[in-house]
Structure formats: structure tokens, C-alpha cells
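Residues per chain are reported as follows:
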Amino acid sequence: MGEVSFLRPERRRARPGAEAADERPEDPVGDLLRRVARGDERAFEGLYDAVAGPVHGVVLRVLRDPAQSEEVTQEVMVEVWKQAPRYDAARGSARGWVLTIAHRRAVDRVRSAQASTDREDKVAARDADRAFDVVTEEVEHRLEAEQVRRSLDVLTALQRESVELAYYGGYTHRQVAEILGIPLGTVKTRLRDGLIRLRDEMGVVA
Amino acid sequence: MAATDHRTGDREDVRDLLAAHALDAVDDVERARVERLLREDPEAAGEAAGYAEAASRMAVAVAASPPPRLRAAVLAEVARTRQVAPASPTRREAPADHRAGRGGRGAVRLLAAACGVLLAGCVGLGAVVLGQDDGAPSLVAAGGFADGTAALLEVDGDYVVLGQGVAAPPAGRVYQLWSLGDDGVPVPEGFLEPEDGGFVGQLDDWRDGAVLAITEEPAGGSEQPTSDILATVPT
Chain H
838 MGEVSFLRPE RRRARPGAEA ADERPEDPVG DLLRRVARGD ERAFEGLYDA VAGPVHGVVL
898 RVLRDPAQSE EVTQEVMVEV WKQAPRYDAA RGSARGWVLT IAHRRAVDRV RSAQASTDRE
958 DKVAARDADR AFDVVTEEVE HRLEAEQVRR SLDVLTALQR ESVELAYYGG YTHRQVAEIL
1018 GIPLGTVKTR LRDGLIRLRD EMGVVA
Chain F
294 MAATDHRTGD REDVRDLLAA HALDAVDDVE RARVERLLRE DPEAAGEAAG YAEAASRMAV
354 AVAASPPPRL RAAVLAEVAR TRQVAPASPT RREAPADHRA GRGGRGAVRL LAAACGVLLA
414 GCVGLGAVVL GQDDGAPSLV AAGGFADGTA ALLEVDGDYV VLGQGVAAPP AGRVYQLWSL
474 GDDGVPVPEG FLEPEDGGFV GQLDDWRDGA VLAITEEPAG GSEQPTSDIL ATVPT
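Protein chains in written order, with this note's numbering: chain H, 838 to 1043; chain F, 294 to 528.
Mixed in with the good hints there might be a few duds.
Claimed, not checked - Derived pair list, reagent style SDA-like, types lysine to any residue, alpha-carbon separation capped at 25 Å:
1) K919(H) <-> A460(F)
2) K919(H) <-> P379(F)
3) K919(H) <-> E907(H)
Said to hold, decoys possible - To list a few chain F residues with every Cβ distance to chain H over 10 Å, as calculated:
4) D320
5) L432
6) A434
7) G436
8) G465
9) V480
10) E486
11) S520
12) I522
Unchecked claim - According to the in silico footprint, chain H covers these stretches of chain F (three or more CB under 8 Å from chain H):
13) 334-345
14) 348-359
15) 467-474
16) 504-511
Simulated from the structure, these hints should not be mistaken for laboratory data.
Ideal Cβ positions, reconstructed from N, Cα and C, are used throughout, including at glycine.
Chain F on its own, in the form it takes in the complex (with noise of 0.2 Å):
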């Protein structure tokens, strides 16, 4: 994994930023940095679950009741509604039951959604990226891919996959994400689930120069790429 420490100030930084991202103020790329920070120092996540505890009160504090009809809806859904399994240390542990961006650390299971925003052309918000001077998170490389764009970032020695007018793929199917290295072996890195259109997926274990790929597999994922390679993100 990247080495961390490498840059105290730029921490000092991202610490900096707790209390916004208590309060979800803060944009997809500082979110991915504070979570990063947030799992790797107890401490600050000790003072983020302060935030996050006072950040919930101000929900308390504006509390009002859906309309009954709203709970039977929800009850009847999740009657249908398959759970989650729980989280495990590593995704490559437990590559079957992982998704690029939720492996084993709930903190991140919403980015997607988030991703609608953040990719109103991930060109531009790599332009937007480099543009900054201080964590110094850069736009890799970026592709077209079913009908939208993904772009690999790299955020302060994490990668992070960003997905923008994503069609969804077909029922019974995901998408793969894998890496490919100079030996031109597939690693699998999890899935891929467009949320409007949108993906955000974090990269545990980046290889510097792998190519980027995603496939389209049967539920479940597949051990080696069945599909044809429907993007390629060269880096």
C-alpha cells in the first residue's frame, strides 16, 4: 500500500477538513482523501466521530415523520431486499463479495451516488484537480465507456475510479473492474455500480502502470474477464 506520512503539512491539511466532511461539505475527491485519513489515524477518526455525532443532532433537531404509507413501502421493499455481507479486512480477500469503492470500509458505500456530481466531465474536474497545489490528487488517465466516460484519479496515493453517463448494465450483469500489468494478466478489482450514471470506485492496491480495464460479467463477478474488454484506461 502507499506510504503514508510522506507529506505531514498535506495531512495537517486533510485533517482540516474534518468538520466540513462531518457535515458533507466537502466535494468527492476531499471526501476520498479524509476517508483515507480517517483509516489510517484513530485519532482523527476519533474527532470525526465527534463531528459526525454533532452533525446528527442537527438532524434530531429537524425532525419530522413521513407520511405512514412511506413505512409500509419501505418494509415491503426490504422484505424483498437482499443485505449486504459484512465487511471484510481486504478486498482481495474476499474478491467475490467485493465492489471497487465499498471493499471492506462502509465509510465509502455512498460515493457512488455522490459521482452524478463530481463527473459533470471528470476532464473537468481533472482540470479542477491539478489546478490545486496542496494534496496534489491528478487525473490519470480518462475513456470512454458505455456511453459515458471513467477516469482513473490519483488522490494522494489512492486511485480512485470516477464514472459520469454510465449506461447500467443489463439485469444479471455488473461491471468488472481489472487491472492489467506488463505480464498482461487480469487482476480483478471489484465492481462497478452506476448509480444515475455515476461511479465512484477506490483502488486499494494500484499498480503504477497497469492498465485500467472493465468488463461486463455475470452477478457475481468472474475470475478472468469473459467479456470483450469494454474500456481500457492506459496509464
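Chain H on its own, in the form it takes in the complex (with noise of 0.2 Å):
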């Protein structure tokens, strides 16, 4: 293969609530991650035991189907295993960049089958579930999982609605517009102030 280069040309500057996060003196979890891109396994042991809970979470909160999510979190966890090389400090966190694999691969897995069923069907026919109606029994980081939904209450109803349609439903935006009979460009207006308050709120409680 041809000579291999892993320089950037330089770190991008995160937004403001971004880098409260990124700024603290220690990122274990990227630390982390940088051993596992060298192939170390019993850092990966570590990785998992750091980022098995949240990933699990999120693919169970997406799919819903407890051995689907297993399987799923299984795929994930080797994913991040085999991609490590390519993460990239610059476009974001290590814990961020696991868990953007695990939520789209389960959004993936949820498509793909809506896709294979039957594509005629209206989104609507899906429950249009509130994020937090079942609290899990396991979750493991409970402290920070507790302060995150405490800080999704910064969050207008309307803006909550969209955002954990989208992101906990696996719904696209137009999706989310025509579950909530509502125009496109205000679902992409609620995701994008929502997320915008969320950051900002993180970078207050980190």
C-alpha cells in the first residue's frame, strides 16, 4: 500500500459548549482509544467497560428489541474495534465518535428493516413513544446519565419532542414532520435549537 498519512491540517475549533468537554485535562476514554488504535486488546477491555452501557442503551432505546440490541451492540463494539485507526481527535470526542457509530448502525438496522417489511407503511403506524417512559433498570453510569436527562429539561417541549423522535425514534426529519403534522423547515429549526441548547448546556454541567 502507498504511504500512509494520519496528520490533519490542524485541529478544528468545537463550538463553544464543546469544548468545555474537550478541554478537560483528561479524556480516559480517548486515551483509550488511541492504545486500541495500536491494537491493544486489553485497552479495548477498558473501552468496552467505558462505553458498553451508553452504546447499549442507546441501540435498546432505538430498536427496542432486546436480542436484536445485543446482536447490534455486539456489531458496534467490533466496529469500533476495527475503526479505531481512522478516529480522529479533531472531528470530536472518543466516547462521541463510538456512540455516533452506535446510533446510526441502529437507525441502519431499523430502516433496513422498515425498507425489507414494507415501505408503503406510514411512519405513523409506529408508536410515536416519549424518550423516558421506561427508565432501565441497569443504567450504569447513573450519576451522569441522571445529570444528561436533567439537562434535556433545558429543552422546550416542542424542541423535545423533535429531537428524541429523531434521535431516539430513528426517524428522518421529514419523518418527524409528518408525524407531527408539521412543516419540514420547523422540525429542522426545533433539532437545530435543541441541539444548540443541549451543547450549551453541557458545556455548563461538564
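Mind assembling these two chains? They're in different frames, but the hints should get you there.
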């Protein structure tokens, strides 16, 4: 293979809200991931213990089926191992990177299942569940989870509804608009404003 | 590479999708457009990083431990799984290490899994795409391939190859993608890895008018096609 370069032009500046998290002097997950990128299986065990809870949690939240969720969680963790050499710290935190993989994989599973069953099925046929109607028994990082759940309270009810349908429901913004019967532009605005609030709130909380 | 900034308004539209993208609430065409913006625009990438961080906290909020047996299963699988090579800047500098859609950009690595969705008929998708008035992504061509369908889409100056219902290559073999220009010389364009019958690959540097060809090659790929061409997608 040709010459491999891992250098990036420059570290990109994160937005203010994200910086607070990024600039914590220690990023244990990031350190683990960098070791994993060098093929360190012991480091991977540590990484697994650090992220398996949120990974499985979000997969379970999106898919809801426990057996399928375990399967996807396993796929995600193996994918994290495989792709670790491609992790680029300039594009976000290590945990964020892992959880992006997890969420996308879960959503992909939902959408391909939908595609293979009946694409004509209106999305509204699925329940638009509230995200926190069931509190999972096995909360791993209980305190942090609690803190994050509280931070979701900064969202207005309308923002929260859209953000949760998108993230926990696995719906596209078009589907969210359809479910809620509101214009697409309104959905985009609620998603964006919601994430901005959440991001800025995290800066304070972290 | 394709010119940028030729449609500022369109760029703004894509920028409006950054939050939805962070929540995976975009379709595959929108995702390709957003990820192109992120490669080209550091400011947008910074904004996206903040959104991604916010979104990932929503995963933390619902954390739930998987059963202990899963840990052992994952560690066992990891022990027998090879890691990918680090990203390199462009596909052409390291052809043997690249596959279309993953070329040097981790961000697109999971797109392949998404195409099960998208390609519930890429012709259908093309119709949807063509019906959009803003970013003008368009279906360039589609053809049969490995029991399924392959299609070439243009998305805002980028070309994306999509597959649906595609049979996996035999063990030890890969699908390799080529472009055939007027001179008829095949240029390697990376690999396609069907997952659940679908694939999505982004072509970094597509030549207008070239013919897309797919062959089956030994793992690692070939410098020249060694099998019959399985599919061609004239453009």
C-alpha cells in the first residue's frame, strides 16, 4: 500500500459548548481509544467497560428488541475495534465517535427493516413513544445519566419532542415532520435549536 | 475535484441539515451532501462536532449495561478481527487500501449499512432525488449487478455508487469498481462491500462521461480487471 499519512492540517476548533468537554485535561476514553488504535486488546477491554453502557442503551432505545439490540451492540463494539485507527480526535470526542457509530448502526437496522417490510407503511403506524417513559433498570453511569436527563429539561417541550423522535425514534426529519404534522423547516429549526441548547447546557454541566 | 461554492444558497441548505445529521435524521443523499460540506468547511465541521457531542449525551442519558456474556463474545470476536489501516488522504495514493466510500474518510464508513434503506429501489430513489428542486442530486444511471441493482448518483458534484439486493462476493473475493474512459483503460476506483445486500460508495474524482464497471477480484484488489465485467453503468 502507498504511504499512509495520519496528519491533519490543523485541529478544528469546536464550538464553545463542546470545548468545555474537550478541554478537560484528561480524556480517559480518548486515551483508551488511541491505544486500541495500536491494536492493544487490554485497552479495548477498558474501552468496552467505559462505553458499553451508553452504546447498548442507545441501541436498545432505538431498536427496543433486546435480542436484536445485543446483536447490534456486539457489531458496534467490534466495529469500534476495527475502525479505531481511523478515529480523528479533531472531529470530536472519543466517546462521541463511538456513540455516533452506535446510533447510526441502530438507525440503519431500523430503516433497513422498514425498507424490507413495507415501505408504504406510514411511519405514523409506529408509536411515537416518549423517550423516558421507561427507565431502564440497569443504568450504568447512573449519576451522569441522571445529570444528562436533567439537562434535557433545558429543551422546550416542542424541541424535545422533535429531538427525541429523531434520535430515540430513529426517524428522519421528514418523518418527524409527517408524524407531528408540521412543516419540514419547523422540524429543522427545532432540531437545531434543541441541540444548541443541549450543547450549551453541557458546557455548563461538564 | 468538483468546484465548490458554485451554489451558495444550496450550501446554506445543507448547513441547515447539520443538526439533523448529528441525530442521524437525514436520508442517505442528504448525508452524503452534509459529509461533503464537513470535509470542505472547517467551520461547519466545528458546528457539527458540537451537535454530535450534544447528541451523544442523549445516548448517555439512556445508558443500560448489556448482559455480561456480551463482553466475552465481543472480546473473542475482537481477538480474531483485523483492524483497518489508518486513513490516508486520497484514494489514489493508496489504491490497495481503499474501498469506495471509505476512502480516507471515516465519516462515510457506515454508509454501506444504510443503503438497505436507500435502495429499496434505486430507481425509485432516483425519482425522489430528481424530484427535489434544491440541491439537484440526480440519478445518472442504473444497471443490474449480482442479482441486484447498481446505480450512480450525482449529489452536488459528488458521485455516489449505490447497490441494492446485491449478493456478497465469494469468500476471498471482493467487488472492485473501475472507471472506463474514452481510452478504454480501466482505472481502479475502490471496492464495494455489500452489507445486507446494499452498498454505498463515494467516488472522489469521477470523470464525466466515464463508464462505471464492476468486477470480482481477489481480496486486496487488482491493478487491472482479472474477471469479466459484472456490470457496467454507462453515463
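Results for each hint:
Only pairs whose Cα atoms come within 25 Å are accepted, and K919(H) paired with A460(F) is accepted, the gap being roughly 23 Å. Taken as a hint, the K919(H) and P379(F) pair is honoured in the structure, with Cα atoms around 10 Å apart against an allowance of 25 Å. Taking the CA atoms of K919(H) and E907(H), the gap is about 18 Å. The hint holds against a cut of 25 Å. Non-interface call for D320(F) relative to chain H: violated, since the shortest CB-CB distance, roughly 6 Å, does not exceed 10 Å.
Chain H leaves L432(F) outside its interface by the beta-carbon criterion, the shortest separation being 18 Å against a cut-off of 10 Å. A434(F), annotated as away from the interface, keeps every beta carbon of chain H farther than 10 Å; the closest lies near 22 Å. Residue-level check passed: G436(F) sits 21 Å from the nearest beta carbon of chain H, beyond 10 Å. No beta-carbon of chain H comes within 10 Å of the beta-carbon of G465(F); the shortest separation is about 19 Å.
V480(F), annotated as away from the interface, keeps every beta carbon of chain H farther than 10 Å; the closest lies near 15 Å. The Cβ of E486(F) sits about 12 Å from the closest Cβ of chain H, beyond the 10 Å cut-off, so the non-interface label holds. Non-interface status of S520(F) relative to chain H is upheld: no Cβ of that chain comes within 10 Å, the nearest being about 22 Å off. Remark: the non-interface label on I522(F) is consistent with the geometry, its nearest Cβ contact in chain H lying 25 Å away (cut-off 10 Å).
Evaluation of the coverage hint for the segment 334-345 of chain F: fulfilled, as 8 residues show C-beta separations to chain H shorter than 8 Å, against a requirement of three. Residues of the segment 348-359 of chain F with a Cβ under 8 Å from some Cβ of chain H number 12, which satisfies the need for three, so the listed coverage holds. Using a Cβ-Cβ cut-off of 8 Å, 0 residues of the segment 467-474 of chain F lie near chain H, which falls short of the minimum of three, so the contact claim is violated. With 0 residues bearing a CB less than 8 Å from a CB of chain H, the segment 504-511 of chain F misses the requirement of three and the coverage assertion fails.
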